[in-house]
Each structure stands twice: as structure tokens, then as C-alpha cells.
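S.K.: Same order as they appear, the protein sequences are chains A and B.
Per the numbering used here, numbering of the first sequence is gapless, rising by one per residue and ending at 781.
Per the numbering used here, numbering of the second sequence is gapless, rising by one per residue and ending at 781.
There may be inaccurate statements among the hints.
Given that identical chains are not distinguished, each listed pair holds provided it fits within a single copy or across any two copies.
Unchecked claim - Within a straight-line C-alpha distance of at most 25 Å, the following computed DMTMM-like cross-link-like pairs (lysine to aspartate or glutamate) qualify:
no., residue 1, residue 2
1, Lys530, Glu457
2, Lys533, Glu670
3, Lys445, Asp734
4, Lys776, Glu504
5, Lys529, Asp310
6, Lys708, Glu457
7, Lys413, Glu641
8, Lys425, Asp387
9, Lys539, Asp310
10, Lys708, Glu326
11, Lys425, Glu739
12, Lys539, Glu739
13, Lys761, Glu739
14, Lys445, Glu412
15, Lys761, Asp734
16, Lys425, Glu526
17, Lys413, Glu680
18, Lys425, Asp390
19, Lys677, Asp498
20, Lys776, Glu511
21, Lys445, Asp498
22, Lys539, Glu417
23, Lys398, Asp498
24, Lys677, Asp509
25, Lys539, Glu680
26, Lys776, Glu670
The set of hints was computed from the structure by calculation and includes no laboratory data.
2 protein chains.
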Amino acid sequence: MSSVFLDHIFMPRSVSVVGASPENFATFAGFTIIALIDAGFPAIYPVNPKYTEAFGMPCYPNVSSIPGPVDHVIVCIPAEMALDVLDDCAGKGVKSVHFFTAGFSESGEKERVELENTMLYKARAAGFRIIGPNCTGLFVPKARLTCATRLPMEPGPVAFISQSGGHAQDLPLHAGPRGVRFSKVVSYGNALDIDECELFEYFTDDPETGIIAAYIEGVRDGERFKKVLKRASQKKPVVIYKGGITETGLRSARSHTASMTSSVQVFQALCCQENAIQVNDVQEMIDVLVALNFAVPYPQGTGVAVIGQGGGPSVQASDQLEAAGLSLPSIPPGISAELRQFLPMAGAIFTNPLDATNLVFPDAIGETLRVLGKVTEINMMMYHMGFHPVSRWGEGRFSNDFFLKPMGETLHNAMVEIKKPVILALGPASDRVGMEELLTVQQAFVSDGLPVFHSIEKAALAMARVEGWHRRKNAGIS
Amino acid sequence: MSSVFLDHIFMPRSVSVVGASPENFATFAGFTIIALIDAGFPAIYPVNPKYTEAFGMPCYPNVSSIPGPVDHVIVCIPAEMALDVLDDCAGKGVKSVHFFTAGFSESGEKERVELENTMLYKARAAGFRIIGPNCTGLFVPKARLTCATRLPMEPGPVAFISQSGGHAQDLPLHAGPRGVRFSKVVSYGNALDIDECELFEYFTDDPETGIIAAYIEGVRDGERFKKVLKRASQKKPVVIYKGGITETGLRSARSHTASMTSSVQVFQALCCQENAIQVNDVQEMIDVLVALNFAVPYPQGTGVAVIGQGGGPSVQASDQLEAAGLSLPSIPPGISAELRQFLPMAGAIFTNPLDATNLVFPDAIGETLRVLGKVTEINMMMYHMGFHPVSRWGEGRFSNDFFLKPMGETLHNAMVEIKKPVILALGPASDRVGMEELLTVQQAFVSDGLPVFHSIEKAALAMARVEGWHRRKNAGIS
């Protein structure tokens, strides 16, 4: 199957949800329909022989009886009825069928493996594609097609391929407020028909995709994967989270998606060889995506200048940046003298990390970034808000126009002027006051195109990975 | 100095804040006064010769002119005036003076080191104690004495000793909503008079303290520290976060608190030898404190049963638990058969992690915990909400009485009945809907006495540390 067919799959004009029950909203079918309505998807057709109406729309007994064309079908009924649904779909001339339904080959039972084979045969015969089974399917902002509410609906450059439906929803849900936007997200589950290799091929050539992220538990065809990964990585940054890297994790992955996980070491070595950025969980993947999107231009070395208030956070930043493989160059005497002209001595620490009492004011921060930005050994700047209102004071004092607007502009302008990334590490929030403040501050900085991380350590890890990827790329490794 | 004197310091009846300016609330003095008023502290005296009124209270020109006794003085004026303030305090007969003021020995300047020596001499001569300088001082809920707003004001078992003022505020701020409560928190900065050794001694014998946590950048007297740590650790769990473990971190710690940080390896070996639980940052310390407070009775081995919904989170849990040093015992056939009586086969994974479609309902979860709890190899249970409303759906559907009340009761009862800790890993939240839901759900579970963590990985790390500490303790190591 050539992957050009996937173009149609990512732009369906109409969707049918099989198994939608108006009596039970708390199902994937119910949530999907609500999410599609929220997203403004134009043509949704619930299918359930028990009802004539569902979710305020006409409900049909089967796909064939829907008036007008149906491009995409989402199946949420038991595995036992899979073949009947596929016959129904074949009659209608659909382009793709997504099975949310689980209980196929991943059960490890022989007849379920055979059932999957028959399903694939039916799809090939009728000329449509199958997504899954055992997955949450598609999220395509441009097509207003979504599998969950609250996902970021503006299109953007990131394609995410995920063997976990949970991760396929969590990644855009949590990356959205950090400014990350998506071209297409595909949860492909058991990979019966459409698999990670075809998706990698497609996204490598997809003009709407600038960055490819993937959660993979296992690949069927290692040789093919190697080829598609090489080509993808040569054209675009690739970020990979491999699930099942320990013995227990491997066992778990087999039960999850029937993945024939090959040697973890071989997989990791392959990623390394092709310069794919490897991460250890969804949150780390989000951090790397934030760095790839907003920490621009990418740093030309490991040197970080850390500025902000608080001795504890400064010590922590030092430890965590060094542990992540980054370095904190010393501030040259001339630069230090320049800083002393506008930073007060009292309570200040004129080293790197730099800690001075007025490093909460936009003007002082902007000037400090510009002065430090001149140092060749400093390749990126981190402003940490450890000892800062966001986590500590949180009374709305810093989420107002007086502070937030000039602060965002200052940081953005400094980044543009010094041509080195300016990174923000915002302290975590734990209560309502702090969380409200964090979201307000984050939203403002994200609108200004700044990379926002939720701890110094996370910022350090993500920047170290992106710096390493960029360095190897410049050295000709993929 | 015998540490019994600290009793008075922790129970001041009146506090004077020197340097309080009604024109500038955004100073430590201003924030402290507002926090003390909020906390209901009975007698607060602002001192500033420029004003006769501040913060709606009479303002005095100096400490001596305050009518009635003053127990504790908080100094927020420049270092140059330190000796004058101390003379003023000596005349008044105060018990303790806390210097928020920085710019002393940590500046590395000779005259500032000498200034500190003179300060100590004056304090000894007048018979009062100095906290700091260069620190945020005391937080003692029982005395209504606080250095910041929004800290948990109910007294509890945790004492926290911190060489960073930022960490001294952040730890209770973020640990509060997780249910952790404090006896006394002391930010001791440059440790001119009261140091970590005296504080360890005091908290070892303090009947109000059950757990001792400490953020330490360096100790002056290694031999003495070794002795006090040994005695502390034999009586109570001790959790230590050492700041400055890398070369850059050490350099930073020296500039921060003038700490003569000895060999990191020696310090870490000492902690290990005395069975102190070591953590890498404030967030990890909070996680360990949550585990020590609520993951009871402490696990008798590394075996974890993981239950919840979602294949991706299950794989992630497997990888992260194994990486943390915990294990996932297989579910014996008899137990598996028992589970199948009430858990549906379809879409389920009957391994460990256990993933079944009805593992969102309190009844099914409670029964599952009770059945798995019988397995000897399983020492603790983790319920993860990776694929769960808190992070994903967040529409208030699960924060209501229908779900939340029986859920909390079920988990609590299971923990009591099976006599093994039941741990909750709640997914993170990123938008307003998710954060509101997370806080509501967390608050309910915390009220039920449950240990709540914000990711599977964090739960795994904390439980591995507490399990290891408990095992070594039972083996007679401290």
C-alpha cells in the first residue's frame, strides 16, 4: 500500500461512530462524539440499531443506511462483531475504519489472531484501510477530527505516532498549553494494517509535518524500520519514546499491543545511530518538543547562563545542569563589571548561576541577558523562577500587565537579539492560587514564543537532548 | 549552648519585624508581616524609624521602644546596620534574632566575615540566639509563626532544616496539599550560631517531631555531624537533600552560604552508613515525606502490584518501577482466576500491571486490591490514574460524591484490611479543567490518609527509597 492513500484518511469529510449509545455517555463512543461536536466536525453519524436518535442527532442502524458518503468509521462495539461491521463498511465504500475495540491479537489467543487476519483480508478486498485495532485513532486539527476534548485544535508542525491510545491523547493534552501544535496524531494500536513504518514514511514527506514524535512498543520489520527512520531523521527531527525497556516492561508491552519487541539495546543503538532523540516518558517527550519548537536558534554548544533569584535554586540548577551534561561557563571579569553597573551588589552572587535581588524586573533581566549573551562560551540562557512569585507568592501580583507583558516582550526580544535560546523554568504549583498563577504566566510566555519548562531539571534534560541532537546533526550524523 | 534553649525560640509570644516599610509591601518584611497577620500570630511589632504606622499597626523607631516583651526579631535591613540592631535587641532582652539580611560571610569578603564574628560575640554576651544570617527563618505552625502565606498551618510530625530559604518555603508550600504537616521548619542560612548539628540534636529529642528532613549545602564539623546524624537516624527517619553535588553545584553552594562543602562522596557515604534517605531535589523530598507519612505500614519488600486502566501507562509503570529497583511479581493462577470472576475479560490484561475496563469503579478496585493483597510476594499496591479522568476527561465527572467518596473510602479500607500500603499515582494536569480536577481529587484522597504522587515514576522512586530504608533499618542499620 502506498502511503499517499493516507492523505484521504487524514482528511475525512464525514465520520460514523458505531456503538454510540445515548444512555451511556461514559464510553469512548460517547466521548468521541462529544469531542467531535466540540471541535466543530461537520458530519457525524452515530450508528446503533437500538436507537433512532443519539446525542441530538439521527442515529442509524448501520453504516450502509447513512445517507450520503461516509469517509471514516470509528468502531466501539465488541470484537465479535468486527467482521459484520467491516462488511457493512465495505458496502458503503468508506476510506478508513478505526477500531477502538480491543480483544484481538493482544489477548494472545489463536482465534483472535486469525480474526485479525480475516479483518485485514476484508479491508484489502474492499480497498479501505484499518487503524488499530485496540487504539484511540486519529487527531487531525486541520480536519477538525479529534478523539478527545481539550486538545489543541490549531494545526501545527508536530506529527505523533503512538502505539498507546492513552499517550496519543495525553501528549497533545499536556503539550497544548506549552504551545506545541500538531499536524496529525495517530494511535495505531496493534498495527494490523497501518503501522509505524508506513506512518514514518508518510510524515517524512508530509509538508505539514516538521517534527516526528513516536511512542513505539515494538516494530515488526526491523530492517524496514531502520530504512524509514534513517530517511525521516535526515529530513526532520525525530523524537522516540520506546515503551518496554525493562524485562517487566517488555512483558507488559507484549500483553498490551502484541508487540514482538526485539532487543532493546539494538533498538536504542539504532535510534542513536540515526540521531533520533530518545526520551523516557511522555512528559520528557513534551519537554523535547517544546525545546525543538521554541528554543531557537538551537544552541551551538552546552554552555548555559542561569539567572534568577534564590541561592537554593541556583545550587540546584548547577547540580542538575551538570548532571544533564550541560555546562555553566564562568562569567568573564569584563562582563561581570558590566553587570555590576546595573545589578546591586547586596545579596547578589556574581557567578553563574547569577543571583541578584533585582532579577525579578523585566529591565534588569533583559539587560542581563543581553550582556551575558555576548559571551561566546554561553550558548543558551535560562531564567529560573525558583524563588519567584509563580510558585511562592502567587497573589496575582505578577500576572498583571505591569509585570507579565514587559517580561514576555523582554525575554522574546533578548532571544531574537542575542540569537541564542532563552529558556524559562517555572516552579511547579500545588494549590489553586499557585496553579492559576502558573497557567496565566505560562500562557503569556507561550504566546511570546518562549520555551517554558516546569522545573530546572526538565529544562536541563530537554536542552541537553536537543543540543546533542543538533551537534550530531551538524557533524553529519543523519 | 544547650539545645534546650531552642524551645523558647520555637514558641515566641511576640515578634518584631525590623525594616518593615508600609510603602513597599513587596519585601520580605512586608510579606512576613502579611503572612503573620494571616496566620493569626498574636503580637507583631513593625520597626522603622521613618513611620509611626505600618500595615495598620503602630510602627516603632527601634526594638527597645516597643512596649511589653519581644521574644523574636526578624531583621530585614542592610548588613551595615546589623551591629546596631543587635545592641538594640540586647537592651530589650530578646530570645532570638533572625537575619533575613544577606551580604555577610557568603560574599567572601574579609570584613564581612569579621562582622559576623562580632555579631556572634554580641549575641553570646547578651544571651540570645541568631538564626542565619541570609535565610528566611522560622515556620512553626503551633506558634502561628510563619515566614510566608499559604503554608499548612496545622501542626504535624515533620521537622525541616534548610540551608536555603527558598527550599524552606517551597517544601511546606508544595507538601501541604499532599497532606504533609510540620512541627518546625528552620531556614538557617550561613549557620553563624544555630547550625544543622544543633538542630538535628534538638529534633532528635523533640516529641513533636517524628520525621527529620534536611537540605544541607555543607557542614562545618564533620565529626560532630556524623554523631548527631547517627543518633537522629536511630530514633527517627531522616531524609537528606545535599545541594552542591557536582563541581558547578559546589562552587554555587560556596557563593550561596559560604559552605565549606567537604567531599560529596564522603557525605553521601556517611548518609548511607547511617541509613538516612537521600534525595536529589525538593520535589523528591516531598515524595519521600508523603511515603513516610502515608504509605503505611511500610512495605516488607520490593514487590508492587500495579492496577489501573491503559496499556501505555501499564508499560510505563513496568519500566519505571523496575528502573527504580522495585519488582512486579507475577499474579499466581489461582489469584488470576479469582479476579476473572468480577473483572471482564474483554480489553483486559491479566498480568501485573493489571488493566481491566472496570478498574475505574470503586467496587471493582477495592475487590481487586483485596484479592491481590493476599499474595505474599506483593508488598504494596499502586493504583495509577494514567488513563483516567483526572488528566484526560476532567469535566467534574469524577470529582463528585458518586465516585470520589466511595473511591477514597475503598482505597483507605483496602489499605487497612490488607495491611499493605496502597499508593496513588495521579496523572499530571496542564490546563484549568485538569488542574481543578486534580486538586479536588487529591484533596479527597489526602483526607482519607492516602499517599498521592503526581506520576508513576515519582511514586516508584519514593517507595523504592522508603522500602530500602525500612529494610536496612530492620536489618539493624541505624
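S.K.: Compare the structure with each hint and give your call.
M.R.: Here is how each hint holds up against the structure:
no., hint, result
1, Lys530 - Glu457, "neither (32 Å within a copy, 61 Å between copies)"
2, Lys533 - Glu670, "neither (43 Å within a copy, 49 Å between copies)"
3, Lys445 - Asp734, "between (35 Å within a copy, 22 Å between copies)"
4, Lys776 - Glu504, "within (20 Å within a copy, 55 Å between copies)"
5, Lys529 - Asp310, "within (24 Å within a copy, 67 Å between copies)"
6, Lys708 - Glu457, "within (23 Å within a copy, 38 Å between copies)"
7, Lys413 - Glu641, "between (74 Å within a copy, 24 Å between copies)"
8, Lys425 - Asp387, "within (10 Å within a copy, 91 Å between copies)"
9, Lys539 - Asp310, "within (19 Å within a copy, 63 Å between copies)"
10, Lys708 - Glu326, "between (48 Å within a copy, 24 Å between copies)"
11, Lys425 - Glu739, "neither (52 Å within a copy, 46 Å between copies)"
12, Lys539 - Glu739, "neither (36 Å within a copy, 37 Å between copies)"
13, Lys761 - Glu739, "both (21 Å within a copy, 23 Å between copies)"
14, Lys445 - Glu412, "neither (39 Å within a copy, 62 Å between copies)"
15, Lys761 - Asp734, "both (21 Å within a copy, 19 Å between copies)"
16, Lys425 - Glu526, "neither (27 Å within a copy, 77 Å between copies)"
17, Lys413 - Glu680, "neither (61 Å within a copy, 31 Å between copies)"
18, Lys425 - Asp390, "within (8 Å within a copy, 92 Å between copies)"
19, Lys677 - Asp498, "neither (48 Å within a copy, 41 Å between copies)"
20, Lys776 - Glu511, "within (22 Å within a copy, 58 Å between copies)"
21, Lys445 - Asp498, "within (22 Å within a copy, 61 Å between copies)"
22, Lys539 - Glu417, "neither (37 Å within a copy, 60 Å between copies)"
23, Lys398 - Asp498, "within (17 Å within a copy, 72 Å between copies)"
24, Lys677 - Asp509, "neither (38 Å within a copy, 53 Å between copies)"
25, Lys539 - Glu680, "neither (27 Å within a copy, 47 Å between copies)"
26, Lys776 - Glu670, "neither (32 Å within a copy, 53 Å between copies)"
Comparing the model with each numbered hint stated earlier shows that hints 1, 2, 11, 12, 14, 16, 17, 19, 22, 24, 25 and 26 do not hold.
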